[in-house]
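As you go down the protein sequences, you meet chains A and B in turn. End of the first sequence sits at 197 in our numbering; the numbers just go up one at a time, nothing left out. End of the second sequence sits at 197 in our numbering; the numbers just go up one at a time, nothing left out.
Wrong hints could be hidden among the right ones.
Any copy will do: because identical chains look the same in the list, a pair fits if it lies in one copy or spans two.
Capping the alpha-carbon separation at 20 angstroms, the derived lysine to aspartate or glutamate pairs in DMTMM-like fashion look like this [what the hints assert, rightly or not]:
1) K22 / D178
2) K21 / E101
3) K147 / E106
4) K10 / D178
5) K180 / E18
6) K139 / D72
7) K147 / E11
8) K21 / D178
9) K139 / E106
10) K147 / E186
11) K26 / D178
12) K180 / D24
13) K21 / E106
14) K10 / E189
15) K183 / D72
16) K26 / D97
Since the hints were made in silico from the structure, they are not lab data. Computed from a prediction, not measured in an experiment: that's the story for all the values here.
Residues per chain are reported as follows:
Number of protein chains: 2
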Amino acid sequence: MSNIVKEVLSANEEYVKKFDGKGNLSMPPQKRFAILTCMDARLVPSKFAGLAEGDAHVIRNAGGRASDDVIRSLVISYKLLGTREWFVIHHSDCGMETFNNEIIANLLQSSLKTAKIDENGWSDPGNGNGTADGKFVEWLTIKNQKQSVLEDVQRIRNNSMVPNNIPIYGYIYDCKTGKLLEVSEATEAGKVE
Amino acid sequence: MSNIVKEVLSANEEYVKKFDGKGNLSMPPQKRFAILTCMDARLVPSKFAGLAEGDAHVIRNAGGRASDDVIRSLVISYKLLGTREWFVIHHSDCGMETFNNEIIANLLQSSLKTAKIDENGWSDPGNGNGTADGKFVEWLTIKNQKQSVLEDVQRIRNNSMVPNNIPIYGYIYDCKTGKLLEVSEATEAGKVE
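Looking at chain A on its own, in the form it has when it is part of the complex (with noise of 0.2 angstroms):
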């Protein structure tokens, strides 16, 4: 068992240990919302947006872009599930800035060796070959954040199972003061007609 293992387990143990009254959660989300945001580790919804256990939905990928994917997400969240607002948040510093759809595919074909995290000292792991498949991706990245918060606010907006009487919010979480930024005019272009 490897020591991140371990270390999941271990605090899972504590909070198993203090978990009270929360097994009898019930499934809806009880504020009835959800929050679309990126992956990024020093990004914790929980804490600043201030949810407890079943208050709210929380749908994350690289970006928190608004890909079919959170679209299926977002559907059978306020379909089967009852949330009825929602959030894209975006964020400073983000990874998705720092490439482009060639570059990802470049670093997959060429046998993995040259990644930008050797910069930090750490040994690529590759797998002996590269892939081509990397090319046939669409990646998703991100150029301005204001921009791709209006974009993915715009594209849920005018999905065709998207309800029109959902209100979709635009934010940028600034990483280094922890606050959320509207971008106003993502959450103009996603407000209630």
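Based on these hints, arrange chain B on the given structure of chain A.
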């Protein structure tokens, strides 16, 4: 501004006040691992797995399923940001066990008036019109949690962009107790060769 937005921003204000030195955290996850889990409101990975800001990537969607968007995120996670171990964590009492592709497609088509959430006395927002688009989506519902964890670990393991030497661990989070229960067949399928 809705009450929910007010609540979130007010909680965020409190968080900012105690943010301290967290503004200096670097982009790559310090503990070099990633968790894939469900968007379910009862699951708070930072608490059940003991994660502080900066520790680990957290990827979440409906079911914690290994969709293409998750593969995109995991490949970025290891290739550009240095994670070296991954957890796939589904959970008991998951909403994804309560319907199937046909049920949600029909709900979306029948002008959204008969959703399951009506049992809780909630009105369905609908949008006045049904849509057939739900029939074209694979919703990734779950029949058996152990089986879905195994399948998802296998799908990630077998992806050509995933290196052979990243171990993938399979777990089910028990919503009644908060405990992480290993799915040993999945961890076995995700082991380093």
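Hints, one by one, checked against the model:
no.	hint	verdict
1	K22 / D178	between (32 angstroms within a copy, 14 angstroms between copies)
2	K21 / E101	neither (41 angstroms within a copy, 28 angstroms between copies)
3	K147 / E106	within (14 angstroms within a copy, 39 angstroms between copies)
4	K10 / D178	between (32 angstroms within a copy, 18 angstroms between copies)
5	K180 / E18	between (30 angstroms within a copy, 15 angstroms between copies)
6	K139 / D72	both (19 angstroms within a copy, 14 angstroms between copies)
7	K147 / E11	neither (36 angstroms within a copy, 31 angstroms between copies)
8	K21 / D178	between (34 angstroms within a copy, 13 angstroms between copies)
9	K139 / E106	within (7 angstroms within a copy, 34 angstroms between copies)
10	K147 / E186	within (18 angstroms within a copy, 40 angstroms between copies)
11	K26 / D178	between (31 angstroms within a copy, 11 angstroms between copies)
12	K180 / D24	between (34 angstroms within a copy, 10 angstroms between copies)
13	K21 / E106	neither (48 angstroms within a copy, 40 angstroms between copies)
14	K10 / E189	between (45 angstroms within a copy, 19 angstroms between copies)
15	K183 / D72	neither (28 angstroms within a copy, 31 angstroms between copies)
16	K26 / D97	between (35 angstroms within a copy, 14 angstroms between copies)
In this structure, the hints that do not hold are numbers 2, 7, 13 and 15, in rising order.
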